[in-house]
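Novice: Below, each chain spelled out in residue letters.
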Amino acid sequence: MSNVLIVVEAQPDGSLRKATLNALTAGAQIAAKTGGELHAVVLAKDAGPLANVVKEYGVKVVHAGSGAHLAQFTADAVAPAVAELAVAIKASYVGVAATQAGRDVMPRIAARLKAAMASEILSVVGSSAADLQFTRPMWAGAVIATVKLSTPIVCFSARTTEFPQAQKAGSGEVRAFTPAAPAKALQKVVSFKEVKSARPALTEARVVVSGGRGTKGDFKPIEGLADELGAAVGASRAVCDAGWQPNDLQVGQTGKVVAPQLYIAAGISGAIQHIAGMKGSKTIVAINKDGEAPIFQVADYGLVGDLFKALPELQAAVKAAK
Amino acid sequence: MPIKILVTAKRVEDYESKIKVNAQGTGIVQEGLKYKINPFDEIGVEEALRLVAKHGGGEVVVVSIGTKDVHEQLRHALAMGATKAIWVNHTGPLDQMTVAGCLQKLIEKEKPHLAILGKQSIDDDQNQVGQYLAEWLGWSQATFASKEESLESEAEKTKQPALKLAADLSTITVVREVDGGLETVECTMPCVVTTDLRLNQPRYASLPGIMKAKSKPIEEHTPASLGVDGASKIAVTKMELPPARKAGIKVPDVAALVDKLKTEAKAL
Ligand SMILES: Cc1cc2nc3c(=O)[nH]c(=O)nc-3n(C[C@@H](O)[C@H](O)[C@H](O)COP(=O)(O)OP(=O)(O)OC[C@H]3O[C@@H](n4cnc5c(N)ncnc54)[C@H](O)[C@@H]3O)c2cc1C
Ligand SMILES: Cc1cc2nc3c(=O)[nH]c(=O)nc-3n(C[C@H](O)[C@H](O)[C@H](O)COP(=O)(O)OP(=O)(O)OC[C@H]3O[C@@H](n4cnc5c(N)ncnc54)[C@H](O)[C@@H]3O)c2cc1C
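Protein chains in written order, with our numbering: chain A, -7 to 314; chain B, 2 to 269.
Because the hints were derived from the structure by calculation, they are not lab data. Quick caveat, the model's predicted, so the values are computed rather than measured. For each residue, glycine too, the CB sits at the ideal point set by N, CA and C. Just so you know, not all the hints are guaranteed correct.
Each pair of labels, with its calculated beta carbon distance range [claimed, not checked]:
1) A/119 to B/251: 38 to 48 Å
2) B/217 to A/119: 32 to 42 Å
3) A/186 to B/171: 42 to 52 Å
If you only want the chain A side, here are some residues facing chain B, beta carbon under 7 Å, derived [what the hints assert, rightly or not]:
4) 187
5) 208
6) 209
Throw the hints in and build the complete structure from the sequences for me.
Specialist: Right, here's the structure in full:
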């Protein structure tokens, strides 16, 4: 039997982080191919309430691990708790959504299990445990590799844009357990400087308007259009490096991966590292004053022009159409 | 108090290289590629040098695993100012567990206070080695290290380290790039830190630095001599190009764009 265990991530307020639902779909696909059961684990000071939410999403068992040492989702506390559970329930696959928290904790869990890991998986291929493989991007997505991992337990992180969110499907069982606290905490979170925004979260928005170095740091036209469209704001690395926008808004190979219905890139040249984070978008619009900019190669609709003129015009047109 | 820090210098394709899959789908086309130190590792070397300067001296030991070609990346780190270079001689595939295992053994020998790695290699983008290493050593981990000040700030211009070590080296305070903002963590030492893009802007090596680096000895090991199983647990069975997006069009003006978005893409 090849059971699958998905690690659940909570939002800062304790509610479910939506990305977990994408990871549950990846887990369900593996379980269907290998004939195993889909389990999930919630770790928190009091894991009960969130476990009761997660059990609705087609999971056989949700393990609710509670303890004061789990109040913060730190890798040194989470890794032993998940690893012990994985062994106890005979999990062959342990996965998480490829969020920053997931990327932080899963390799430490894998290390504890002496398991190999595939990061940012895009799909699950094969039809049984014997021939199960994953596809994953390499070189900023210039290459898609198919990989086979040969350790008894296999770990993965799932790219949220590639797996739909799990839907409600019956009610699973919640099993409480008490993970042992490590002798000594190795790390503690002392503060969190939140990027406060009334706009939708970048990775969950239906529309994203992103600005690059071409804005010269003036994001007013970007934000104006974003607000007219109810969109999230994104940025290129150049913008974040200059401190014009928070790092949290960087889209790309080494930032956020997004796949909205509509992605509008203004004043962004289209380096492969940026494209790696947005080329899964349904419709891409590029506005750039250089007609040769590589961004036009991935754009469905390209407008050669000055963003300081085009964006306000677009904003007015969207407003007029309402 | 003088400090000793272990850093890495993985050899990767230059980020501006055009990567193409070979006809057999077994690897990439090697012709015309340029190689560099992994950009995140270069940030790690820079941070280590700044910490050593701030804490009244110490050592920066740089490690690279691969064929003899990695000497180029080791010498790059030496030219920046690293004090000692270690080469783990290995040809062929290498998985994260082998890399982390070699680094673990070297850390047990070298006994640094701190290890600074890159958050990910820009070739296979795994983002794993630092976390494996921390677990196997039983050390704390601070991934995605960054700072609140921008790369244009005064703190950056004066080359201040962003990682904050307690004077008695008992703890390290790290600002991390997490979803939704910046998180500050306090970790017990020893610690494995992995670098994010905004930690610092690496220095250029000076000419005397480059000259000096040429004659510095490089210590050699192999996974076997370190007692690490070099057999890969991950097989890449196929490489292919990502699905291409269908070619788009240029629109003459905003009115035409709005029309296309409404009627064709139905995105508005
Ligand atoms: C064309 C190609 C084919 C491959 N085929 C295989 C294969 O068949 N089997 C297989 O197991 N692996 C294969 N790999 C992956 C392997 O070479 C990786 O380098 C290895 O798995 C380490 O993981 P990573 O670099 O992704 O680590 P990451 O976790 O992304 O790297 C993070 C950090 O770890 C450190 N680090 C990683 N590697 C080194 C190193 N060599 N020296 C010093 N520090 C290092 C650096 O600090 C780096 O910033 C292949 C890679 C490529 C590019
Ligand atoms: C290790 C590594 C990781 C990286 N990760 C990422 C990543 O995750 N995400 C990312 O984005 N980048 C990443 N990069 C950086 C990437 O290589 C590019 O440098 C970056 O994306 C460029 O940002 P840009 O397009 O805003 O700036 P530029 O390349 O400078 O482009 C600016 C564009 O604006 C246009 N422009 C100027 N003025 C106007 C105007 N008035 N109206 C319209 N257009 C105008 C110009 O024609 C130009 O095309 C990474 C690089 C490295 C080395």
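Novice: Are the hints correct? Go through all of them and say.
Specialist: Here is how each hint holds up against the structure:
1. A/119 to B/251: 38 to 48 Å: holds (44 Å)
2. B/217 to A/119: 32 to 42 Å: violated (54 Å)
3. A/186 to B/171: 42 to 52 Å: 29 Å Cβ-Cβ, so the 42 to 52 Å window is violated.
4. 187: Since the shortest Cβ distance to chain B is 5 Å, the answer is holds.
5. 208: Violated - the Cβ of residue 208 of chain A stays beyond 7 Å from chain B, reaching only about 13 Å at its closest.
6. 209: violated (10 Å)
Of the numbered hints given earlier, the model fails hints 2, 3, 5, 6; all others are met.
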